[in-house]
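Chains as they are written, first to last, in our numbering: chain U, 1 to 263; chain P, 1 to 321.
Hints are computed from structural coordinates only; laboratory data are not their basis.
All of these numbers come straight from a predicted model, not from anything done at the bench.
Note that the Cβ used here is the ideal one computed from N, Cα and C, for glycine as well.
Heads up, a few of these hints could be off.
Unchecked claim - One side of the interface only, derived from the structure: several residues of chain U facing chain P at Cβ under 8 Å:
| hint | residue |
| --- | --- |
| 1 | Asp92 |
| 2 | Asp120 |
| 3 | Gln128 |
| 4 | Gly137 |
| 5 | Gln138 |
| 6 | Pro197 |
| 7 | Arg198 |
| 8 | Ser250 |
| 9 | Ile253 |
Chain by chain, the residues:
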Amino acid sequence: MKILVTAKRVEDAESKIRVNPEGTGIVKEGLKYKINPFDEIAVEEGLRLAAKHGGEVVVVSIGGKEVQEQLRHALAMGAHKAVWVNHEGELDQLGVARLLQKVVEQEQPELAILGKQSIDDDQNQVGQYLATFLGWGQATFASKVESLESEAEKTKQPGIIVNDGKVTVVREVDNGLATLEVGLPAVVTTDLRLNLPRYASLPGIMKAKSKPIQELTPSGLGVDVTPKVVVQKLSPPPERKAGIKVEDVSTLIDKLRNEAKVV
Amino acid sequence: MSIVLIVAEQQPDGALRKASLNALTAGSQLASAAGAELHAAILGKDVSGLAQELAGYGVKAVHVANDAAFEHYLAETYAPVIAELAKSISATFVGSASTAFGKDLMPRVAAHLEAAMATDVVAVSGSGSDIVYTRPMWAGNVVAEVKLATPVQVFTVRPTEFEAAAQSGSGEVKTFSPTVPEVKTRFVEFQEVKSARPQLTEADVVISGGRGTKGDFKEIEALADLLGAAIGASRAVCDAGWVPNDLQVGQTGKVVAPKLYIAAGISGAIQHLAGMKGSKTIVAINKDPEAPIFQVADYGLVADLFKVLPELREGLEKLKS
Ligand SMILES: Cc1cc2nc3c(=O)[nH]c(=O)nc-3n(C[C@H](O)[C@H](O)[C@H](O)COP(=O)(O)OP(=O)(O)OC[C@H]3O[C@@H](n4cnc5c(N)ncnc54)[C@H](O)[C@@H]3O)c2cc1C
Ligand SMILES: Nc1ncnc2c1ncn2[C@@H]1O[C@H](COP(=O)(O)O)[C@@H](O)[C@H]1O
Chain U
1 MKILVTAKRV
11 EDAESKIRVN
21 PEGTGIVKEG
31 LKYKINPFDE
41 IAVEEGLRLA
51 AKHGGEVVVV
61 SIGGKEVQEQ
71 LRHALAMGAH
81 KAVWVNHEGE
91 LDQLGVARLL
101 QKVVEQEQPE
111 LAILGKQSID
121 DDQNQVGQYL
131 ATFLGWGQAT
141 FASKVESLES
151 EAEKTKQPGI
161 IVNDGKVTVV
171 REVDNGLATL
181 EVGLPAVVTT
191 DLRLNLPRYA
201 SLPGIMKAKS
211 KPIQELTPSG
221 LGVDVTPKVV
231 VQKLSPPPER
241 KAGIKVEDVS
251 TLIDKLRNEA
261 KVV
Chain P
1 MSIVLIVAEQ
11 QPDGALRKAS
21 LNALTAGSQL
31 ASAAGAELHA
41 AILGKDVSGL
51 AQELAGYGVK
61 AVHVANDAAF
71 EHYLAETYAP
81 VIAELAKSIS
91 ATFVGSASTA
101 FGKDLMPRVA
111 AHLEAAMATD
121 VVAVSGSGSD
131 IVYTRPMWAG
141 NVVAEVKLAT
151 PVQVFTVRPT
161 EFEAAAQSGS
171 GEVKTFSPTV
181 PEVKTRFVEF
191 QEVKSARPQL
201 TEADVVISGG
211 RGTKGDFKEI
221 EALADLLGAA
231 IGASRAVCDA
241 GWVPNDLQVG
251 QTGKVVAPKL
261 YIAAGISGAI
271 QHLAGMKGSK
281 TIVAINKDPE
291 APIFQVADYG
301 LVADLFKVLP
311 ELREGLEKLK
321 S
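Extracted from the complex, chain U is given alone in its bound form (with noise of 0.2 Å):
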């Protein structure tokens, strides 16, 4: 089966991350960057349902060239071949949505498996806009029962169960977990106990750089990406005032009935 997986380029998940002092953005200097980490746990399953079930992945990202680092990073791990829609500037999870689903609508895959949330907007929405546009079905959160250091994740199991035209998706909700059967073509979005994501080998890396990297622009694709949440200004989050270290439990006791009076 064909699956599409997308590889947004973000700011890995250990920087200190500052807004600048005219709220307009973030400060980029000594940024490192990474593949958002949910992406990579879709670029995993992808992979993982490509040598179960055979067939091709293709990663797609859209940015400026640097996103190229990230889909070479998906090629290295195994991706087949990869999708760059280049647009400088901003974007907001409509124009990536519309974007995407004409990287679909050319790619034709079975199924699309996209990150739940990319970790600098924090949105949770373009897996769900994707779906919708498309017509198809979707399964977001997508785990699976068997915790990540047993025994289905030490030998690569896929966690999506991929049968007779239907995906079934086991998705972490509130108090619990829901299972749901998804006839394909699917969106499928991930959570983070999906997989455990491979790293990249050297031969893989060495592969990687012969890969094909189709270039595509939204213009091309006729898709118009003025963002439609327009952000006004950005703000660092309130401080915390900074609290005591207590020396025993007796002080800390004290304290939580006599100052905060919460017990």
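With chain U held as given, fit chain P with the ligands onto it using these hints.
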């Protein structure tokens, strides 16, 4: 007059999800800012009772649709119905609480309405259709003010940032009978994590354990029993399968803001802080004095959690007796 439509949620046990009441408060603040009327909607197999209940929380009208097809929530059956309802009443703003339900459903509703959307809204301001939504980005490292430049605006709100709506007035309950779309998606099962403890996102006290517990939550449970607290966890703990996934507190898990949050054996990564730094009082127990969790803790105790959690429980037991 423009309309703010809040989509309410039914819990697996059949009751109204409390977060829906927090969303109603956000909706009512938005309605005042926008000069709009507040409406609510609820779908389910048999939710007329819940609609009646919702009508008592300061809304002008509650739109309710009962259909066996709505027994198990599916974004694909709910979204087009909510979108059609929004169109038929000319709602300009459509929102819900940022629960798993809201996060799955509302972008799909937005897609049907060609609407831009703001997730996890913590405040609304502005006036008329010129509304500003405040929301966190980058794991709460940044607070953004955004506008949504589409005719209909869609949002989810962080329940912890808005009080639950108080009972007032009685709105009109309007039953409608939508055509439920045929879908190729089937609900298979819900494996509920049953717990006698309060809901993590609603509890007054939350006690969370991290990797430092090595998976031994016995003392955390005993303390939670004593304080009537909910139990939370860091990602590391959920990844290891030591506790159910839905106890993860943080950027990509639950956001909590209890009166008292106790973090034991949690280092305090920014992704964890994003889910708990709105708590009123934070206690951190960690044997590493440099652990970042101490930067947000009101009271920090540099100690071995296996030693001090029992002491804390015994000390609090004495207080209670
Ligand atoms: C995309 C993404 C999303 C994420 N989302 C979340 C999220 O939503 N929530 C979340 O929590 N994390 C999240 N994380 C993970 C986060 O970055 C951290 O890795 C995680 O929070 C660490 O968990 P921890 O504090 O339990 O473990 P560690 O960082 O390993 O810390 C364990 C702590 O326990 C202390 N300790 C050890 N033994 C004892 C003892 N006997 N007594 C007292 N203290 C002891 C140690 O000093 C240490 O500080 C996310 C990461 C990514 C990349
Ligand atoms: N610029 C982009 N390029 C590729 N994929 C993207 C882009 N932006 C968002 N996505 C995908 O959409 C998912 C959800 O993002 P969001 O709705 O922005 O939180 C991400 O995990 C990605 O899989």
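Comparing the hints with the structure gives:
no.: 1; hint: Asp92; in the structure: holds, 7 Å
no.: 2; hint: Asp120; in the structure: holds, 6 Å
no.: 3; hint: Gln128; in the structure: holds, 4 Å
no.: 4; hint: Gly137; in the structure: holds, 4 Å
no.: 5; hint: Gln138; in the structure: holds, 6 Å
no.: 6; hint: Pro197; in the structure: violated, 13 Å
no.: 7; hint: Arg198; in the structure: violated, 16 Å
no.: 8; hint: Ser250; in the structure: holds, 6 Å
no.: 9; hint: Ile253; in the structure: holds, 5 Å
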